[in-house]
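The lines below spell out each chain.
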Amino acid sequence: MLSLDSALRPRAEDLVAKVLDGEALIINMATGVYYSTATSGAFIWEHIAGGCRLRDIAAALAARYGIPLARAEADVLELAAKLLEEKLVTPCEGAPATTAIDVSAIPLSAYESPELEIYRDIGHLVALDPPMPGLKDLPWKGPSDDTSS
Amino acid sequence: MRELFGLRVSTGATRESAASSDVLKASRVRLLYWTEVIWPHIGGIQVMASQTLPALRRRGYEIAVVSSHIGAPLPDEEVSAGIRVHRFAIREAMAANDADSLARIAERIAAVKRRFEPDLVHMNFAGPSMLLYFRTANAHRAPLVIAFRGVVDESAMPGTLLDHAVTSASWAVGVSRAVLDSVVAPFPEIVPRASVIYNGFKEPTLAPAPLPFDAPRILCLGRLAAEKRFDLAVAAMPRVLSSFPSAKLLIAGDGPERERLERLASDLGIDSATSLLGWVSPDDVHALLNDTTLLVMPSRNEGLPGVAIQAAQMGRPVIATRVGGTPEVVVHGETGLLIAPGDAQELGDSICTLLANPRIARDMGMRARERSRLVFDWQTHVDAYDDLYRRVG
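Order-wise, the sequence lines are chains A and B.
Note that the first sequence ends on residue 151 in this note's numbering; no numbers are left out.
Note that the second sequence ends on residue 386 in this note's numbering; no numbers are left out.
The set of hints was computed from the structure by calculation and includes no laboratory data.
Cβ atoms here follow ideal geometry from the backbone N, Cα and C, with glycine treated the same way.
Heads up, some of the hints might be wrong.
Said to hold, decoys possible - To be clear about the criterion: a stretch of chain A counts as covered by chain B if any three or more of its residues have a C-beta under 8 angstroms from a C-beta of chain B, and this derived list gives those stretches: (1) 12 to 20; (2) 25 to 33; (3) 36 to 45; (4) 112 to 121.
Said to hold, decoys possible - If you want the ones that stay clear, here's a sample from chain B, every Cβ over 10 angstroms from chain A, calculated: (5) Q44; (6) P136; (7) R352; (8) V368; (9) R384.
Hey, can you work out the whole structure from these sequences and the hints?
Here it is as structure tokens:
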């Protein structure tokens, strides 16, 4: 049962993930589905991956953005539920991390509730038309610089 | 407007539109053209882009291209005909599930967007690189025109690239009615923001040569990929050779099916009647068509087959499967023959029908040529995109 006292961990055996420039990109290698979540979502993902309790993550969000704690808690729970539903995380066994969250790390911008963007057909599209090494002798250069219309 | 082959076609708008475009030349539009693969790779999209983008540039557009490497050792960035092309190893990173590389590529794409500040983005649907377009949405926002070039066979399932694309698009273009219908079916809300723009082709510099019948040459032209079903053309050849022993099958293009096609020709004992030519430069396609009797397109699906239009320009009849936008190019019994997909027997019979009736084949070729000039006119095509971009951008 998911609650604010829960801590989750990414299912590292199936996932690769990268947080860069305030956005998290998560790839489920088992299914070929890609996920993306920005700003508040990336912050939540990063601290879930760090083993923090959801309650601590919500408190940090509320403090940094100056939003009501209840809203932050609802948003964190909602994103956590989606991550669980997509099988990107699993409940963490053992005591959660007690590391203090550095709220200054969140970029300054207006608060938006976290969204988990899902791209279910990327793996399929890559498999459908994979890179083609060996096209070394293409007999064409592309457009010429002629001026006819 | 006049009625031709059952289509209402515009014959007088070109000059007017060109004149209005001249007036608009003064305002510069920055167009970011997003496509999975760009020249020198060979394919319908690449050939169209190689002509349309320079034409738009001459009308005052400033154009940058974002595309993928797809294996070939090409520069990350180069300027070609005044158009800056950026290539990223997106497919390779995706194939390797390499999130670090994808994140770095996204940063570089975001930098391109911020630097170029496009007034609008044109995107060819669909390929996995679109993910990075959406991931870098905040770098610079601009209206999005999505061109659908193939029939979409997806449902309106949330969380697909198609869903993201339609939701984000300011305008959707189908290269044929069939293609646009396949998008509208799952997404009817796109109708007020959608139109068909046929691809147009420049008038060839070569005059059509007579169709050769004493040694008939049957051409398949395109990427050697499973969906092109060139194997059916090979499988149809024993039937053709039984009636026309001097016939030859030419297969121009390259791709993953090459070995399979060679093996099939060998298994059927028709190696000597089959030639796999490899890639042919788009600059040489009209000359190749001019040396053939007819074009065969047994594809499983087609959005709007440019090769069939080029064959029509050279007065060649086309035998093609009744799929996607092909019936909008090939008018059955008028400019060629349409057959059921997947049927080598019917394909062989149809080839024999045209080879046995040179007069009918020649007439079809001439009608195809006349129709291609009216329906797939180059200037009309460029005008249509110019008008759309200026309206949306």
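Verification of the hints:
Requiring three or more residues with a Cβ within less than 8 angstroms of a Cβ of chain B, the coverage given for the region 12 to 20 of chain A holds, as 3 such residues are present. Interface restraint, the region 25 to 33 of chain A with chain B: holds (5 residues with C-beta to C-beta distance below 8 angstroms; minimum three). Requiring three or more residues with a Cβ within less than 8 angstroms of a Cβ of chain B, the coverage given for the region 36 to 45 of chain A holds, as 3 such residues are present. Note: the region 112 to 121 of chain A has 3 residues with beta-carbon separation from chain B under 8 angstroms; the three-residue rule is met and the coverage holds.
Some Cβ of chain A comes within 10 angstroms of the Cβ of B/Q44; the nearest lies about 7 angstroms off, and the non-interface call is violated. Every CB of chain A lies more than 10 angstroms from the CB of B/P136, the least distance being 20 angstroms, so the non-interface label holds. Taking the minimum C-beta to C-beta distance to chain A, about 36 angstroms, the non-interface status of B/R352 holds against the 10 angstroms cut. With a minimum CB-CB distance of about 19 angstroms to chain A, B/V368 clears the 10 angstroms threshold, and the non-interface call stands.
Distance check on B/R384: its Cβ is at least 20 angstroms (rounded) from any Cβ of chain A, clearing the 10 angstroms threshold; non-interface status holds.
Comparing the model with each numbered hint stated earlier shows that hint 5 is the single one that does not hold.
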